[in-house]
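J.: Given chain Z, work out where chain V should sit, using these hints.
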Amino acid sequence: MPAALVLAGVVIFPTIFLYYISLTNYDLSVGWQAKKFVWLNNYIYLFTQDPLFWKSFLITLIFVVSTVSFEFVLGMLVALGLNRIRHGRRLLLSLIIIPMVCTPSIIALMWKLMLNTEYGVLNFLLRLIGLSNVNWLGTNMALPSVILVDIWEWTPFMVLMLFAALQSIPEEPMEAARVDGASGPQIFFFVTLPMMMRIALIAIILRLVDSFKIFDTIYALTQGGPGSATEVFSMRIFRIGFQHTNWIGRASAYAVMIILVLSPLFSKFTKLIKEER
Amino acid sequence: MYIEKKWKAKSLITYALLILFTLFCIFPFFWMLLTSLKARVDVIDPSVWVFKPIIDNYKNVFEKRNLLFNIKNSIIVVSGTTIISLLLGTLAAYGFARFNFKRKESLAFWILSLRMLPPMAVVISFFVLGRLLRLLDTHIYLIIIYLSFNIPFTIWMMRGFIEDIPIEIEEAAWLDGCSRIKGFFKVIFPLISPGLIATAIFCIIQSWNEFSLAFFLTTFNAKTVPTIVTAFLSVTGVLWGEMAAVGVVAIAPIVVFAFLVQKNLVRGLTFGAVKG
Chain Z
1 MPAALVLAGV VIFPTIFLYY ISLTNYDLSV GWQAKKFVWL NNYIYLFTQD
51 PLFWKSFLIT LIFVVSTVSF EFVLGMLVAL GLNRIRHGRR LLLSLIIIPM
101 VCTPSIIALM WKLMLNTEYG VLNFLLRLIG LSNVNWLGTN MALPSVILVD
151 IWEWTPFMVL MLFAALQSIP EEPMEAARVD GASGPQIFFF VTLPMMMRIA
201 LIAIILRLVD SFKIFDTIYA LTQGGPGSAT EVFSMRIFRI GFQHTNWIGR
251 ASAYAVMIIL VLSPLFSKFT KLIKEER
Chain V
1 MYIEKKWKAK SLITYALLIL FTLFCIFPFF WMLLTSLKAR VDVIDPSVWV
51 FKPIIDNYKN VFEKRNLLFN IKNSIIVVSG TTIISLLLGT LAAYGFARFN
101 FKRKESLAFW ILSLRMLPPM AVVISFFVLG RLLRLLDTHI YLIIIYLSFN
151 IPFTIWMMRG FIEDIPIEIE EAAWLDGCSR IKGFFKVIFP LISPGLIATA
201 IFCIIQSWNE FSLAFFLTTF NAKTVPTIVT AFLSVTGVLW GEMAAVGVVA
251 IAPIVVFAFL VQKNLVRGLT FGAVKG
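So the protein lines, in turn, are chains Z and V. At position 233 of the first sequence (counting the first as 1) the number is 233 in my numbering, and the numbers step up by one without a gap. At position 225 of the second sequence (counting the first as 1) the number is 225 in my numbering, and the numbers step up by one without a gap.
Bound conformation, chain Z alone:
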């Protein structure tokens, strides 16, 4: 199995290496030879001294929870709508998938133009309907704006997955429920939703993981700023490891934390895929 060998080389080794670095005080500006083994000091630093660890954790949490829940609800509504109409499904679907295949870093920069306070098209549209300008990428609105862009980019993913799920379930149970006098929402929550649960969960977990990993969109939009307003975990790794300081050891400890947070999601995902096959 040459494939397994290659994977071992490009994945296992770097992961072990990452754990190792996270136990040292390696600093890019000092050099590889000068590093020392510091055991768990980087982790202790994260939890007790790093003022931004919990803040960045909270920002990541807000980002992940709000993007995924918005995307799921909106995606579900659109999927239900698509399921109901008779003509033009294919055309609408092909247009809807455009956001998720666009190069994220580049399209995020276009959003930066659109969100610009003075000459952004979004504020222009707001003025047209009589509202006042919003400072989209200012301290208060930066996080909601980043969330908005992520929702724009990834709701299509939910639409696609949930629409596929809707298409794969049989009509009869819904018909039966309707004959029994169930209302529309009742049918949805008690008949349709349970039947599409597994694919919905797969979609949600994939989004949770990807949302947790986000870097490129935020880098292009705000670079974690203003201040540390949009400094999610990946951004924090970049800043302490490469941009502000060169503390690779501490950045590695952050990266290990990401793996730890995501691993229960991995195992749940694996279980769902096993059932689906």
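It should be emphasised that the hints constitute simulated quantities derived from the structure, not laboratory data. Even glycine gets a Cβ: it sits at the ideal position worked out from N, Cα and C.
Each computed DMTMM-like pair below joins lysine to aspartate or glutamate, with the alpha-carbon atoms no more than 25 angstroms apart:
#, chain 1, residue 1, chain 2, residue 2
1, V, LYS102, V, GLU170
2, V, LYS263, Z, GLU276
3, V, LYS186, V, GLU170
4, V, LYS102, V, GLU168
5, V, LYS72, V, ASP56
6, V, LYS8, Z, GLU172
7, V, LYS102, Z, GLU275
8, V, LYS102, Z, GLU276
9, V, LYS52, V, GLU63
10, V, LYS10, Z, GLU171
11, V, LYS223, V, GLU63
12, V, LYS10, Z, GLU172
13, V, LYS102, V, GLU171
14, V, LYS52, Z, GLU118
15, Z, LYS271, V, ASP164
16, V, LYS182, V, GLU171
17, V, LYS223, Z, ASP210
18, V, LYS10, Z, GLU175
19, V, LYS223, V, ASP56
20, V, LYS6, Z, ASP180
21, V, LYS59, V, ASP42
22, V, LYS104, Z, GLU276
23, V, LYS59, V, ASP45
24, Z, LYS274, Z, ASP210
25, V, LYS263, Z, GLU171
26, Z, LYS271, V, GLU105
27, Z, LYS274, V, ASP164
28, V, LYS10, Z, ASP180
29, Z, LYS271, Z, ASP210
Beta-carbon label-pair distances, calculated as ranges:
#, chain 1, residue 1, chain 2, residue 2, range
30, Z, SER168, V, PHE257, 19 to 29 angstroms
31, V, ALA9, Z, GLN243, 49 to 59 angstroms
32, V, PHE62, Z, LYS268, 40 to 50 angstroms
33, V, PHE62, Z, PRO194, 47 to 57 angstroms
34, Z, ARG127, V, ILE165, 54 to 64 angstroms
35, Z, ILE62, V, ILE169, 47 to 57 angstroms
36, Z, LEU260, V, THR230, 27 to 37 angstroms
37, Z, SER168, V, ASN221, 42 to 52 angstroms
38, Z, SER94, V, SER179, 39 to 49 angstroms
T.: Relative to the frame of chain Z, chain V by itself:
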């Protein structure tokens, strides 16, 4: 009659909302196209929607910014990693689909979990290793590293496509005197080639769009297209028109590719688990 009318009104609203959502989805793309064709003064005036299109922005990015160089880098990296993943991944997929061996499923799922590893978690190791081995900023390093997500993806996609083909077809070929390898190339290969093409396109899309790894591991010589944004971040008074032109050149082909695999999109997004 009344019910008919009510149904019509309801579906009209559904259509209206769906079209609104679709407009929301394509608007940034449309705005990028518009911006790329605007003159510099019009770019910062969002009330200009109708104007005489100019191609100066495109000329500038190719002549002054040397966009072709980045495109060349991207093409080298993307085609390298895609070809290697398809070769190694398809072989492994055939093994997973047709042979039984100890702990097969746990190995398969371990491979699947790799696909979900956050780039930020491994990029530090790759960076430090690349520095020690002097491999930073080379095409070959990016090609190898992109294998870490493309091979798992290929294995899972191709495994699904191979399992879709009844083993009886292959057995018939063996009875006719084909060896396993000959049977694979004569019987299986033609049948899976649509799947192979779809898988290749997915690999191309995700490698082309990849930013985080390329951003950390390249500085000049192997800089790929997505990392161009860094050049537009640092300058005050960004040249939005040129940026938009870069965007159109980078994104339009990918959108075309995506249309080609639309039928297999759900399958691709779930590593072949949900057939869609």
